[in-house]
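*Asks:* Letter by letter, the chains look like this.
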Amino acid sequence: MFEMPIINRELCNGCGLCLSVCECGALAIVGNIIRIVDTDECGYCTECEAVCPTGAIQCPYEIVIEESYEINPE
Amino acid sequence: MAIEIELLKSVPYFSGLHPPELEAIKRHVFEQSAERNDMIVLEDEPAEAVYCVVSGAVKVFKTSVEGKEQILCIIRPGESFNDVSVFDAGPNPASAIAMTPVTLYGITRAAMEALLREYPAIANNVIKVLSKKVRHFVSLVEDLSFRHVTSRIAKLLLEYATNHAVQDEEPQARPKLTQQEMAAMVGTAREVVGRSLKALEESGAIRMDRHRIVITNKKVLEEASGVTE
Numbered sequence: 000m001f002e003m004p005i006i007n008r009e010l011c012n013g014c015g016l017c018l019s020v021c022e023c024g025a026l027a028i029v030g031n032i033i034r035i036v037d038t039d040e041c042g043y044c045t046e047c048e049a050v051c052p053t054g055a056i057q058c059p060y061e062i063v064i065e066e067s068y069e070i071n072p073e
Numbered sequence: 000m001a002i003e004i005e006l007l008k009s010v011p012y013f014s015g016l017h018p019p020e021l022e023a024i025k026r027h028v029f030e031q032s033a034e035r036n037d038m039i040v041l042e043d044e045p046a047e048a049v050y051c052v053v054s055g056a057v058k059v060f061k062t063s064v065e066g067k068e069q070i071l072c073i074i075r076p077g078e079s080f081n082d083v084s085v086f087d088a089g090p091n092p093a094s095a096i097a098m099t100p101v102t103l104y105g106i107t108r109a110a111m112e113a114l115l116r117e118y119p120a121i122a123n124n125v126i127k128v129l130s131k132k133v134r135h136f137v138s139l140v141e142d143l144s145f146r147h148v149t150s151r152i153a154k155l156l157l158e159y160a161t162n163h164a165v166q167d168e169e170p171q172a173r174p175k176l177t178q179q180e181m182a183a184m185v186g187t188a189r190e191v192v193g194r195s196l197k198a199l200e201e202s203g204a205i206r207m208d209r210h211r212i213v214i215t216n217k218k219v220l221e222e223a224s225g226v227t228e
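Chains W and E, in that order, are what the protein sequence lines are.
Take the first sequence: its position 3, counting from 1, is numbered 2 in numbering that gives the first Met the number 0, and each next residue is one higher.
Take the second sequence: its position 197, counting from 1, is numbered 196 in numbering that gives the first Met the number 0, and each next residue is one higher.
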């Protein structure tokens with residue numbers, strides 16, 4: 000399963016800005032709160048996080064060293 | 000569509016004005032809509048108006064001759080952009096694009112002059128709005144000019160990747176960072192982090208692989224961070 004943006008429901012004020020910036024249908028509004036819709040269409044553009052006025056959406060990155068590089072750095 | 004008083008109240012320039020005044024102000028304001036990715040304002044073009052976002056979000060940015068983009072700010076409902084051009088009669092200082100479908104209230108230079116004559120209280124609001132913007136831009140200039148943000152982002156990525164090697168931990172336990180957290184950790188704005196990550200990707204040091212930042216060339220990343228063995 001794809002990693003998806005994370006919603007902090009306590010911070011979400013239901014303004015819907017993230018919904019309108021999302022081009023892949025990864026977000027839906029249910030009962031005035033944004034919910035994530037699991038979809039492999041989500042390209043993790045992080046626009047929803049950038050546009051959120053309350054910091055309710057997080058798009059965390061895992062930071063890793065490429066395995067092939069670790070084996071043979073040259 | 001008619002200008003709505005309730006929405007007009009959310010425009011910072013008209014803060015504190017009473018309904019009868021807002022009713023009179025309506026005739027100086029025009030409504031404009033834009034679809035996602037519509038260019039609303041082009042840098043250096045003659046300015047038509049200051050715009051207040053009623054709904055949606057707008058990205059204000061500058062583009063270099065090489066095509067690199069620097070986001071100046073994201074404008075959300077209740078905020079304005081392209082302000083200075085209506086006060087100094089100069090061209091648009093930056094470009095603005097709709098990030099979502101947007102509704103804007105626009106005020107032309109002539110209308111703003113008339114409003115300031117008729118309602119001097121607006122002048123105080125203008126000062127507050129412009130002061131807030133000056134503070135934001137001074138902070139951004141500081142980040143872009145004096146802080147070597149890219150090298151600090153590079154150092155941060157190296158520390159995270161080295162201290163939390165993939166094989167050591169279960170995927171759920173691996174620490175993750177958002178762009179906002181990276182910004183807070185290196186003392187800059189989120190807008191600057193995005194640009195630094197792009198610069199590091201272009202240098203071949205990292206690859207943005209959806210939700211992963213993959214260090215593809217540790218040596219190049221170390222050089223970017225100023226950490227050399």
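Hint data in this document are derived by calculation from the structure and do not stem from the laboratory.
Hints should not be assumed to be uniformly reliable.
Result set (EDC-like, lysine to aspartate or glutamate): computed pairs, CA atoms no more than 16 Å apart in a straight line [said to hold, decoys possible]:
#1 E:K197 / E:E65
#2 E:K197 / E:D208
#3 E:K217 / W:E66
#4 E:K175 / W:E2
#5 E:K175 / E:D208
#6 E:K154 / E:E221
#7 E:K25 / E:E3
#8 E:K25 / E:E112
#9 E:K197 / E:E68
#10 E:K218 / W:E2
#11 E:K154 / E:E200
#12 E:K67 / E:D87
#13 E:K217 / W:E65
#14 E:K67 / E:E201
#15 E:K175 / W:E22
#16 E:K61 / E:E30
#17 E:K218 / E:E158
#18 E:K218 / W:E65
*Asks:* Does each hint hold? Answer for all of them.
*Replies:* Against the structure, the hints:
1. Pair hint K197 (chain E) plus E65 (chain E) holds up; C-alpha atoms about 14 Å apart against a cutoff of 16 Å.
2. Distance hint between K197 (chain E) and D208 (chain E) is fulfilled; the C-alpha atoms sit about 12 Å from each other, no more than 16 Å.
3. The hinted pair formed by K217 (chain E) and E66 (chain W) meets the criterion: a straight-line CA distance of about 11 Å does not exceed 16 Å.
4. Using a Cα cut-off of 16 Å, the hinted pair K175 (chain E) and E2 (chain W) holds, with the two alpha carbons roughly 12 Å apart.
5. The straight-line distance between the Cα atoms of K175 (chain E) and D208 (chain E) is roughly 14 Å, inside the 16 Å bound, and the hint therefore holds.
6. Distance check on the hinted pair: K154 (chain E) and E221 (chain E) sit about 7 Å apart at the alpha-carbon level, within 16 Å; holds.
7. Taken as a hint, the K25 (chain E) and E3 (chain E) pair is honoured in the structure, with Cα atoms around 8 Å apart against an allowance of 16 Å.
8. For the hint pairing K25 (chain E) with E112 (chain E), the CA-to-CA distance comes to about 15 Å; that is within 16 Å, so the pair holds.
9. Taking the CA atoms of K197 (chain E) and E68 (chain E), the gap is about 10 Å. The hint holds against a cut of 16 Å.
10. Among the hinted pairs, K218 (chain E) with E2 (chain W) is inconsistent with the structure: their alpha-carbon atoms are about 28 Å apart, more than 16 Å.
11. The straight-line distance between the Cα atoms of K154 (chain E) and E200 (chain E) is roughly 14 Å, inside the 16 Å bound, and the hint therefore holds.
12. Only pairs whose Cα atoms come within 16 Å are accepted, and K67 (chain E) paired with D87 (chain E) is rejected, the gap being roughly 27 Å.
13. Of the pairs offered as hints, the one joining K217 (chain E) and E65 (chain W) holds, with about 9 Å between alpha carbons and a cut-off of 16 Å not exceeded.
14. For the given pair, K67 (chain E) sits about 11 Å from E201 (chain E) by alpha-carbon distance, which is consistent with the 16 Å threshold.
15. At most 16 Å may separate the alpha-carbon atoms for a hinted pair to count; K175 (chain E) and E22 (chain W) exceed this at roughly 24 Å.
16. Restraint check for K61 (chain E) and E30 (chain E): the C-alpha separation of about 25 Å exceeds 16 Å, so the hint is violated.
17. At roughly 14 Å between alpha-carbon atoms, K218 (chain E) and E158 (chain E) fall within 16 Å of each other, so this suggested pair holds.
18. A distance of roughly 12 Å separates the Cα atoms of K218 (chain E) and E65 (chain W); the hinted pair therefore holds under the 16 Å criterion.
When each numbered hint is compared with the structure, violations occur for hints 10, 12, 15 and 16.
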